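Peer 1: Next come the chains, spelled out residue by residue.
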Amino acid sequence: MREKEIVALCELALLQLPPERQKRLAQGIEEMVEYFQILTEFQPEDDGVEQQQPSASPLREDIPSQPFSTEALVANAPAERRNFFLVPNVL
Amino acid sequence: MGGWKSSLRGNQREQIIEYIHASNATLGALIEVDIAQGLALQRRYHQGDKEAKAGVESLVGVPLAIKDNIAVEGFQLSCGSRILEKLRAPYSATAVLRLLQAGALAVAKCNLDEFGMGSDSQHSYYGPVKNPWNEDYVPGGSSGGSAVAVAAGMVPLALGSDTGGSVRQPAAFCGIYGLKPTYGVISRFGLVAYASSLDTIGILAEDIALLRCSFQAMRGPDSFDQTTVKGPTKVAQPHDPATCHIGYLAEPEGLEKPVALEYQRSVEALQGLGYTTRAITLPYLRYISPAYYTIATAEASANLARYDGIRYGYQPADAESAEELTRRARSEGLGDEVQLRILLGNYVLREGFQDRYYLRAQYIRKMLRHKMELLFRGIQALLLPVFPSPPFRRGKEGMSDFQQKQADSYTSLANLTGQPALALPVAMHGDLPLGVQLMGREHSEELLMDIALRYRRHYSPSRPPRYPGVIA
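Residue numbers (the numbering used here), protein chains in the order written: chain R, 1 to 91; chain A, 1 to 472.
Please note that a few of the clues may not be correct.
Said to hold, decoys possible - Examples of chain A residues lying across from chain R (beta carbon under 8 Å, computed):
1) E135
2) S223
3) I342
Simulated from the structure, these hints should not be mistaken for lab results.
In this text, all values refer to a predicted model and were calculated from it rather than measured experimentally.
For every residue, glycine included, the Cβ atom is placed at its ideal position computed from N, Cα and C.
Make the full structure from the sequences, and use the hints.
Peer 2: Written as structure tokens, this is what we have:
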């Protein structure tokens, strides 16, 4: 796996890793991707499975209910002020 | 289970608590024990026998340990990860709530491979879990803490999660029973998502009556999880072995000698118990594990994108921007194996790669479902190995993470098809237990438990000599 590829994957995954850790993970990904090559050898069979209809996505009615209180929602926040999550300055 | 009922309210309470703490100091199975909180929840939610769900036997006083990726109000919910450090669940999972309503007493949260990603319970921010039969060996995973808590007699009942075998493999490695139910039969509400189309909450117990009772209490539709299904409500009648056909693999692949030997002996034992057995060939065995890991990592990459270090959990100090805070929280808060699976999921979903891996894996999954449905028209259950090796050593002398992933084929099949499977202990190999699993058609859990119960006439498991427990 080229360095450019692992950097792009880390970007997608919002990970900021030191180069040696990136290298170690790239080796792990390579090992698994090589293993996944078996999938490309799979030969589809024509025995009716294609005609099976996928089940519909189950949907539910929108029913109003009592949500958690703001206090409960921020209770686990590592940093909060006046019931708002606290983050470093954006601007 | 009789001896356990109300044990934590009676005169054995102190003795049991002392035993739990003493055993856990060596085994590392539990990451939080809070009996006071458990009693408070029981007082609040136990409905009393009159309001209990129809057909459900009372679980009053039965101590319960819960894998730490399942929410229990007031208990921590770390998923074995630094990124969820100090997170306390504000509500209980539906499965847990139903057990509390039946009178169960939540006492502890169990250690696990981080976010359920692993097969040895050695990948936890809270340290490794040891097998109570031999502490140099792994207990299996990812529900290793739950399996050890039951096997070592700390609690009679534990919940785990099974995405690719994470209940059945540790159950087999620790010599107890582990049920992965039909997908959708037990609500996933309150289970922290790893791979949503494969995740199930499963049960670990040393007693089949207790396993059955807790399954009955938890099963059924839940308005908080739209993938739940109703299924049959009646408990199956005892079956006649003479008319029950059980399939087995004529030539099981890749098994180490002791596992192959005990697998064959299990087939013979079932024949001795009066069952008709039929040799079959498992379709597409070589594709199962790669297809499973393609789908599981793809779903994990989406599910774990929510952890940002802002709303809960680990937050690094001195980040200069919100974006840096999130990147550092994920980089410092998630372990190697979790990061590997997130990156792999992103890889297989990338533009240009979806056809090659993800869509192909989904097609294989569809074919597997179809083939297994056809197979179960001719047999009522299928006997399969759980894992190709006996429990392996902890540390570098054991199996690598990659080898463990390759070994998941026999368990991840039931997750790909959505069908139920039950691991049962069948023998000892030296001082370590060996298990097999029974897989069945959708909603056949009762039959699988019946067969396992009958199998106890041939082999009945015991507790590890060093961890005999307080209650028999």
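Peer 1: If you check each hint against the structure, which ones fail?
Peer 2: As far as the earlier hints go, only 1 is violated by this structure.
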